[in-house]
Amino acid sequence: MKTILQLFKKDYTLFFKDKVAMGLTFIVPIVLIYIFGKVFGSVGGGDEHLQLGFINKSSAPVAKKLERVLDTTKTFALVKNYKDETGNIVLYDTNMIKTHIKSGKFSSALIIPEDAYTDTSKSLKLIFFYDPKNQFETQLIDGMLQQTIMQQFPELFQQSMTRQAETDLGKEKGGMFNSEIARTVNKFYKIDTSVLLNKNLNSQSDTAMSTGGNNMFKNIVNIEKQQLVGKDIANPMATRSVGGWAMMFLLFTITGSATSLLDEKKSGVMIRILSAPVTSTHILWSKYLFNMSLGIIQLFVMFLFGYLIFNIDIFSNLFNLVLIILAASTACTAFGMLLASLVNTPRQANGWGTFLILMMSAVGGAWFPVSLMPASIQFFSKLTIVYWSVEGFLAVLWRGAGFMDIWQYLAVLFGISIVINLFSIYKFKRGNVF
Amino acid sequence: MIQIKNITKRYKNITALDDVSLEIKSGEFFGLLGPNGAGKSTLMSLLSGYLDADEGTITFKDSIISRDSMKVRKKFGLAPQSLALYEDISAEANLKIFGSMYLMNKDILKAAIEEKLYTAGLFERKKDIVKTFSGGMKRRLNLVAALLHSPKVLLCDEPTVGVDPQSRNAIFDYLQKINKEENITVIYTTHYMEEAERLCKRIAIIDMGKIIAQGTKDELLNLLPYKEEIFIGKNEKTKSVLDSLGKFGEIIEHAEQYEVKLQGDFKLSDVFKLFEDSGIGYNNIDFRKPTLEELFLNLTGRRLRD
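Those sequence lines, one after another, are chains X and F.
Going by this note's numbering, the first residue of the first sequence is number 1, and it counts up by one from there.
Going by this note's numbering, the first residue of the second sequence is number 1001, and it counts up by one from there.
Think of the hints as simulated: they come from the structure by calculation, not from any bench.
Glycine included, each C-beta is placed from N, C-alpha and C at the ideal position.
Please note that a few of the clues may not be correct.
[Stated by the list, open to error] Listed next, with one range per pair, are the computed distances between beta-carbon atoms:
1) X:PHE16 / F:PRO1165: 39 to 49 angstroms
2) F:HIS1254 / X:HIS282: 55 to 65 angstroms
3) F:LYS1131 / X:ARG347: 50 to 60 angstroms
4) F:PRO1165 / X:LEU32: 32 to 42 angstroms
5) X:ILE30 / F:ASN1169: 52 to 62 angstroms
6) F:LYS1131 / X:HIS49: 34 to 44 angstroms
7) X:THR345 / F:ASP1164: 36 to 46 angstroms
8) X:THR13 / F:LYS1247: 53 to 63 angstroms
9) F:HIS1254 / X:TYR12: 30 to 40 angstroms
10) F:ILE1064 / X:HIS282: 35 to 45 angstroms
11) X:ARG347 / F:PRO1165: 29 to 39 angstroms
[What the hints assert, rightly or not] If you only want the chain F side, here are some residues facing chain X, beta carbon under 10 angstroms, derived:
12) GLY1037
13) SER1048
14) ILE1064
15) ARG1067
16) ARG1073
17) LEU1078
18) LEU1103
19) ALA1145
With the rest of the complex left out, here is chain X (with noise of 0.2 angstroms):
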């Protein structure tokens, strides 16, 4: 026993001595718990706002009301006008609100058309514009809307039955039918159903009442869903995700590569290749081109897998997908170089490229849509180069985006690259990897 204690107490101060790996069962995990919690714990229930294209084009009350409250609720941001080229705020009309979905500005529009609740409707007709890109946003765009309005219009539940009623037995049998529900109604639950039976469905009333049903909901609100974008996508949802995973992989793909300079440098073969008529410039552009053109390769093969199983199209769109590549690879080989610049040991880079590549996947959209996480981890995520590529990569594969539409996501990440670039040669000029 005594032995075993022994051996025990050896272990935890060998584990106490290495503060990496200390680092790494530590800290590492709450900052990532710390960082998906932000991520994932405030979707659909946190504080910030969804945001949605709105236009209203009806007079009616009931419209003005619907505006007033999903300006007011804290679900939505209501996007109602943009800036033109000369910098003026316009309001959106609505060829420009399907212009900026299809651009991927935001995702969904809600439109209140001018005919949206006359005096002879029966139901709240709305028109909703989507692009699907993250369909779990679209998915709960649609949900919180049709969540809100429900809340908001208990009104328009009860109003469009006894417009039913009218309907089918006429306006007098209909009429006596309603107040015999009325009474049944007020006899046994003690709810004085006269208010809302003469409440003018125009009028401006907040009464409350909370009901549900997706079947009902169509009959009382009328949403016309429009598909702007990805209509004709063979495999929306492997589409949707391949740029991401991928990225997430070509991430630890090149910092293992990258990082092979640290095992070169400890097992003594850089002292070898550099006495040999060889710089450090030498080897450090060798190794960046492998680890560029080895991520171009496996982005190839992703995607070629993706088109091959799940029938992605990779080819109508391919020389805006090569771009893209291109931009993507440049960009991970960059982050695998800075890495090796920064950490002493093999084992140093392997916890820090780990925990980088996690949180850099986590928040730059890898795995969830940006737009629903809150607005502070939003800001970090345009600071990586997985929401940049990912961002590239659905605009090529889901929107079929031209090399104008594009542009911006190269820049961004051949900037990233330069910028990293530099910063690791002047570390590696300083460090001791050479």
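Guided by the hints, dock chain F onto chain X, whose structure is given.
Only chain F this time, still in chain X's reference frame:
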């Protein structure tokens, strides 16, 4: 051929080499003997051009060796102290990689690989993965990798670390062979004085970044104040002759022996006569030549392996 002039190299606050000067001749088997941390590997790194000195110059046939001197560096081959090999690929694949660093013609490289592997006794194992090799075989492969481009100078940084005596002999034979037959200058670092004595024509003893002595083995041993030592087992008879022995040199008493460091002018026959007259048998007497270990002890007060 190689001139090292007033070289100083520092790592932050540590001075690894302090005003070191040496001259190594063409075709020489030159030894650099010193304990761990003496500065041997740093000097090898400077000679190979892997590091630059803070002060002083190193020249090879009047050309300065530095990190930027690509042409001169081709004349050198470095076998680093660590096994600088890719363990998961074959011996041949390793050599192809390292040979290609010198931009060798493909056919010439292939021929060089076969020839050097044959000379090193590794030809039969050329397709085998390096991690399946014994320690001695890896060490030999480490040397072969440094010789592919036919360098004029081979830098061997402690090439026998972790090697069994049999493999060590194979490495010695190999190095002596290439030194003699190919006229390659060998600069050999070690902390084993036996290796330096056995292999090297000239030896520099280095300690704490300074060259404390250099020359042939005999020249170095001449630096000692005594030429021979006699060890005599302790007993009543030997005790009785201690006073008489004292005139031949300094006597040091050990647990079971007396050590006499013979100094000054005398005839060795006088010593033997003394033993004979005192009835001390030769089986109780051990004559020894001093070694470089004793020279190091004499110069520094420490042993080589301290």
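Status of the hints after comparison with the structure:
Judged by the Cβ atoms, the range 39 to 49 angstroms given for X:PHE16 and F:PRO1165 holds: they are separated by roughly 41 angstroms. Separation of F:HIS1254 from X:HIS282 is about 58 angstroms and conforms to the stated range, judged on CB atoms against 55 to 65 angstroms. Between F:LYS1131 and X:ARG347 the Cβ separation comes to about 20 angstroms, which falls outside the hinted range of 50 to 60 angstroms. Separated by about 53 angstroms at the C-beta atoms, F:PRO1165 and X:LEU32 break the suggested range of 32 to 42 angstroms.
Distance hint for X:ILE30 and F:ASN1169: a CB-CB separation of about 57 angstroms, consistent with the stated range 52 to 62 angstroms. A hinted range of 34 to 44 angstroms is violated for the C-beta pair F:LYS1131 and X:HIS49, which are about 59 angstroms apart. The given range of 36 to 46 angstroms is broken by X:THR345 and F:ASP1164, whose C-beta atoms sit roughly 30 angstroms from each other. For the pair X:THR13 and F:LYS1247, the supplied restraint of 53 to 63 angstroms holds, since their beta-carbon distance comes to about 59 angstroms.
Range check, F:HIS1254 to X:TYR12: about 45 angstroms between beta-carbon atoms, so the 30 to 40 angstroms window is missed. Taken as a hint, the range 35 to 45 angstroms is violated for the pair F:ILE1064 and X:HIS282, whose Cβ atoms sit roughly 21 angstroms apart. Under the hint 29 to 39 angstroms, the C-beta atoms of X:ARG347 and F:PRO1165, about 35 angstroms apart, fit the expected range. For F:GLY1037, the suggested interface contact is broken, since its CB lies about 18 angstroms from the closest CB of chain X, more than 10 angstroms.
Taking 10 angstroms as the C-beta cut-off, the interface hint given for F:SER1048 holds, the closest approach to chain X being about 4 angstroms. Taking 10 angstroms as the C-beta cut-off, the interface hint given for F:ILE1064 is violated, the closest approach to chain X being about 15 angstroms. Interface restraint check: F:ARG1067 against chain X, minimum CB-CB distance 7 angstroms, threshold 10 angstroms, status holds. Hint status for F:ARG1073: holds, given a least beta-carbon distance of 5 angstroms to chain X, under 10 angstroms.
At a threshold of 10 angstroms, the smallest CB-CB gap from F:LEU1078 to chain X is about 4 angstroms, leaving the interface hint in force. For F:LEU1103, the suggested interface contact is upheld, since its CB lies about 8 angstroms from the closest CB of chain X, less than 10 angstroms. Taking 10 angstroms as the C-beta contact cut-off toward chain X, the hint placing F:ALA1145 at the interface holds, the least distance being around 7 angstroms.
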